[in-house]
Structure formats: C-alpha cells, structure tokens
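Asks: Dock chain B against chain A, hints included.
The primary structure of each chain is shown beneath.
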Amino acid sequence: MFGRFKGFFSYDISIDLGTANTLIYVRGEGIVLDEPSVVAIRNEHGGTKRITAVGRDAKLMLGKTPGNIEAIRPMKDGVIADFTVTEKMLQHFIRKVHEKKFKLFSPSPRVLICVPCGATQVERRAIKESAVGAGAREVFLIEEPMAAAIGANMPVSDARGSMVLDIGGGTTEIAVISLNGIVYSNSVRIGGDRFDESIISYVRRNYGTLIGESTAERIKHSIGSAYPSTEVREIEVRGRNLAEGIPRSFTLNSNEILEALQEPLSGIVTAVKSALELTPPELGADIAERGMVLTGGGALLRDLDRLLMEETGLPVIVAEEPMTCVARGGGRALEIMDEHGGELFSLE
Amino acid sequence: MISEDAEIAQRTMVHVTLSEIGQQLKRARSEAGLTLMKVASDLRLSPAQVEAIEEGEADKLPPGPFVRGYVRNYARLFDMHQYTDHELVLDDAISEKPVSTRRSVVSRSQSKSSDPGVRFITYLVVLILLALVLIWWANQSGHLTQLKDAALEAISAESGQPPQPEAQPNQNGDYAMPLPQAQQQLQTPPVSAVVEEQRMSESSVMPTTITPVPEEEAPPAPATKAAAEAVAEMKDEALLRLYFNAASWVQVTDAKGNRVAVGLKKEGHEMNLAGEAPFTVLLGYAPGVDVFYQGNKFDHSSYERKGMARFDVGP
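Chains as they are written, first to last, in our numbering: chain A, 1 to 348; chain B, 1 to 315.
Only chain A is shown next, with the shape it has when bound in the complex:
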C-alpha cells in the first residue's frame, strides 16, 4: 500500500541493463542515464564491503585499483553474474535518476528491463528480483531484440518480417519480428567484450605486450573495423612488454584490428546466416526486400554493415543512435503497455 503511495512520486522507467553499459529511459523525458555497468567495492577491516563508486567513476578504476578495492562488472554475457552487486548498482542508478525530482521518498518506480532472448528462466528471475530489491514497485521484462526493433522505429506491428541484429556488450541478439511478436530469435554470447578480448590477445600474440581492457576498448572505438578499407587508420598505444616487463609504446593500424576481430565477427556472421536459414520463407522474402537493421553499441563498429551486406547479400542498415535503441524501445513499450495492455508484446 505504501509502495503504491510512493509510486505517485516515482517515474516509469525502462532499463537496458547491459553487460557494458546501463541506460535508463524515463517516460516523457528520454534517456537520462548512460553509465558503464561497473561497481567499485572497498574491502574494509573485519570483512565488510562498502561500495566506493558506481558507473563512470568506477569504470575509471578498472584495472587501476589497489588491493583493498576491486572494480567489478556485475553483468556477464547479458545476465547477472553477481546478484548483490547488481542490486546495489541498480539501486544507485534508480536513486540517481530520481534525485533531481523526488527527494522526500525513496523511489519506487515501475520498471521495464530488457533481457537477452537467450536468458534462462533462472536468469530472468534473478534480474527481476534484483530490480525488486533495488526498490522497483513493479517489474516487467521484455526481450532485447523486440525493444531494439521498437527503438529503431521498425514497423513491428505489420504482417511483414523485420530482422534486427542487436550487438551488445555481452551478447548478440538476432530476431525476426512480425505482428508484434518474435518469430525467430537467437542469442550468441559474442559482443563488444569479445572484441576487446580478441584485441588484447592479438596484441599479446603479435607484439608480446599486455594491454588492459580500457585500452583495448579505446583501440576498438578509434580504429576498429569489420571490413577492409582503402583508408588505413593508426593509433599509438602503451602496454607492458612481456619480455622486458617494461611499459612500451607501439602503433597499431586498422588492418591489424580487422584481423584481430575476425573470429568474433565470423561468429556473428554465422549466427545471422543460420537465422536467415531458419526464418519462414514469407518473412525471409520481406527481409530480402527491406534488409536488416543493426542496433546496439556493436553496430558502431566501422563497416560492420558492409561486412554483413557482403556476407548475406541483403541490405543492412544501422539504426539511428544504435546505442540507445533498446532503452528507448523499452520506454516506448512501457507507454504502449499502458495504452493498449501488456499482452501486446507478451511482457513478463
């Protein structure tokens, strides 16, 4: 009863609880929070743990922490790896979203969370319970590709096949949508994190140098590419030389990164091809005519659309603001749910 009362002073929010970033969309206000899913925890004397930083501040600490502080990424492969830390992180983000407006009561919002379509029932339940633990009054779950398609303004309600490829930090979700429902979906555990890992291992193998996750991510953002290009871009990075044990600086070019990314990229291409194979022929024809839409942070990898276009022979389009598509789509789904009922997208 009191929760409902507090609900009057809380927002309706949609959360894209991603492996790499957490985005929060507030109904009527848009994306209000976009922070890395990282929590820094300080181990105090007596075994107690205290949260030192969450989000952007905590990400700066990744790989740079002293012995008593550990920076944790509580999400792995799109699902919860550390329940308690995820709950605390969500709690922090929900409070942060509400602190500008409602200060008197602890927030008790209605929350819609996007989950990978490959998440098991146990994983979904864990996400739901962590949101409840973080103070949510009501929790709804929506499959990520559906939210991504809505966020990308795709005509999901039409009797036409729409294919969406959402490349997140931990997973890549592929779905064929028609009449507000998912006809085919697949989730592969390849995402932005795997790209970073591939870059780290490539640099270690070819340069004998160890670089951190943050550096690998920066390399990916700057010169990462999925398709050969006439323009070769370069970046200077620093890492610890394994033979000498001394930090060294060296230069990487975009062709090297393309080579490094071959393994995860071929995994995504294989998943897309198998999705096209398993799509009903009528919907397959629609997809062949209109093409597929890329969303998620991975869609920002240079020329990824061109790679998929070459491999599948279909038109491939990168959505506007692909990073925020899922959160925006979730927010829009929340609005539609209130207008037309929750069964429209079979929300859980």
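Note that these hints are calculated values from the structure, not bench results.
Check the hints yourself; a few may be wrong.
The calculated lysine to aspartate or glutamate pairs, modelled on EDC-like cross-linking and capped at a C-alpha distance of 20 Å, are [what the hints assert, rightly or not]:
id, chain 1, residue 1, chain 2, residue 2
1, B, Lys60, A, Asp158
2, B, Lys38, A, Glu289
3, B, Lys297, B, Glu267
4, A, Lys49, A, Glu87
5, B, Lys26, B, Glu55
6, A, Lys76, A, Glu123
7, B, Lys60, A, Glu289
8, B, Lys38, A, Glu310
9, B, Lys38, A, Glu311
10, B, Lys60, A, Asp286
11, A, Lys273, A, Glu311
12, A, Lys88, A, Glu35
13, A, Lys128, A, Asp12
Replies: Chain B alone, transformed into the frame defined by chain A:
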C-alpha cells in the same frame, strides 16, 4: 594518425528532403561514371529502389528507418560525410509508427488494475464506503442513546409510573390488566368486585396450603370460581416476569404492539410486566434470563441462537 584522446565527434541532425538528397546522389553517381545497376548491386538493393531514392519517390520505398539507412549507405559510396556522419532526418520519408493501434481494439477492453483511471475509481469507492460507514456509525450511536433513554423510561415506569398511556390504574393502585380471552368469554364481573369476593372466599373457605392451579389447566366450568382464582393469581404475580441471572438486553412488546420494556438490565434484576398477551420477547443474552409466564417458567432454550432469543409468550 588518431591520438589516444580522440573523441567521437558529436552527431548533429541534418534535415533534408528525399528529393533533394536523391538529386545530389544522382549527380554524384553520374560524375563517378557509375550505372544504376552497379550502385544497386553495391547497396544490395533493386534498381527500382535506387531509382526511387534518386527521384525522391518515398511512396515506393519502405518506411522511415529503412530509407534513411539506404540513403546513408548510398552517400557513403561517394564519401558524402555530411550525410554519413550525422543524424539524417528525411522530412518527406514515410514515417510509420512502430506499433499500430489496430490490435488495441482487443486489448482496450481489458483494463488493468494499475490503470490510473481504475485506481482512481477504486480509491473513490473506498472513500465513499468509508464515509457511509462513518455516517451509519454516527446515526447508530445516536439511536443507541435514544434506546437508552427509552430503557430508562421503562425502568421508571416499572417503579410506579404507568408504562403505557392505555393502562388505567384502578382504585387499589394496581394496573388494569386485560384478561385472557377464555376468561373474558366467561363474562366475569368487574375486576374490583371479583377481587373483593376472592379476598372474602380466601379468608373464610379456601385453606392457605392450596396451591393456585395454573390457568391453562383450569377447567372452563364452573366459570365464576375459576375466573376468580385466575384473577387472584394475576393479583399476586405479574403476567410476565423476567429474572436476570446475567446482564442482558431485553425488549418486550405486547400484542397491541406497545413496547412494555426495553433496555439493558443488570444481573439480579427482576422485571414484572403487564400487557396484552401474547408478548414478543427479545433477549440479548437468553441463557442468562429466566422467563416466567403466569407464574410458570417458560423454556426459551429452543429459540436461542448465538445467545440471542426472540420468541412469543402467551396463549
């Protein structure tokens, strides 16, 4: 070379119409010496779709996000960075709502409990109910005080005041009580005369040890003597006597509908009531009340329900 501190350029919105950008793309294509077929195969689109883009025919193309994607891919072929690096807004492309309301006809009929309207109505109904309960309670408490006043009146009536305006006190200060019908049929003389006669017969003829015969068992004849005995009993005992072994609410109504007694009586209290039989008796706590009618104990246990009892006493 890109420095490590390179930031991703801020994307800005570029507003343009499809026909404008189509013409620019067509010009760029002809300058590059590319055929429509070549561009279509590069973009994995049909030549008709590429032509529609160049001619600005939005109705021949899929809705908004797709056209935007095609245009951007097309612009990328000719390194038109003003369109590829910024958010493209095509003012004349068919924008389609991602979720139509066609299916809402079905889902609209089902209102959720969390709907603001439903919630508001629920709270309104609860408030109205609460208000009604309060009003009822206020009325009930007022009614109770009236009942108490009535009970006090009844008690004061027992102690000497006439309980009902119809009851006429006779010369001896006793209340004139209506006789049972059987006795009335016997054409009994006036009560005062009979009482006088009875006193005389008791003192001279009747032994004191003789117990009075209950009225029901009294033979109808010889009439005069039996009637005299019955009236004598009425003289000694009240028509209805209630003895309270425990505190109980009581309400007694006679055959005429007059409320003879009402109120809460304490333990040990005794009530002698007179009125026209049959009496309707309502007891709040029946097991704690003994009822005597014409001197005989009336067993009301069969009428008891959850401690309360409502029954008629009389012939």
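Asks: Compare the structure with each hint and give your call.
Replies: To see whether the hints hold, each was checked on the structure:
At roughly 17 Å between alpha-carbon atoms, Lys60 of chain B and Asp158 of chain A fall within 20 Å of each other, so this suggested pair holds. Among the hinted pairs, Lys38 of chain B with Glu289 of chain A is consistent with the structure: their alpha-carbon atoms are about 17 Å apart, no more than 20 Å. About 18 Å separates the Cα atoms of Lys297 of chain B and Glu267 of chain B, which keeps this hinted pair within 20 Å; it holds. As the CA atoms of Lys49 of chain A and Glu87 of chain A are separated by approximately 14 Å, the hinted pair is consistent with the 20 Å bound.
A distance of roughly 9 Å separates the Cα atoms of Lys26 of chain B and Glu55 of chain B; the hinted pair therefore holds under the 20 Å criterion. Of the pairs offered as hints, the one joining Lys76 of chain A and Glu123 of chain A holds, with about 11 Å between alpha carbons and a cut-off of 20 Å not exceeded. Of the supplied pair hints, the one linking Lys60 of chain B and Glu289 of chain A holds, its CA atoms being roughly 12 Å apart against a limit of 20 Å. The hinted pair formed by Lys38 of chain B and Glu310 of chain A meets the criterion: a straight-line CA distance of about 14 Å does not exceed 20 Å.
With a CA separation close to 18 Å, the supplied pair Lys38 of chain B and Glu311 of chain A stays within the 20 Å bound. For the proposed pair Lys60 of chain B and Asp286 of chain A, the alpha carbon gap of about 15 Å is at most 20 Å, so the pair holds. Proximity of Lys273 of chain A to Glu311 of chain A is assessed by CA-CA distance (about 8 Å); at most 20 Å being required, the pair is judged to hold. At most 20 Å may separate the alpha-carbon atoms for a hinted pair to count; Lys88 of chain A and Glu35 of chain A meet this at roughly 14 Å.
At roughly 16 Å between alpha-carbon atoms, Lys128 of chain A and Asp12 of chain A fall within 20 Å of each other, so this suggested pair holds.
Of the numbered hints stated above, none is contradicted by the structure.
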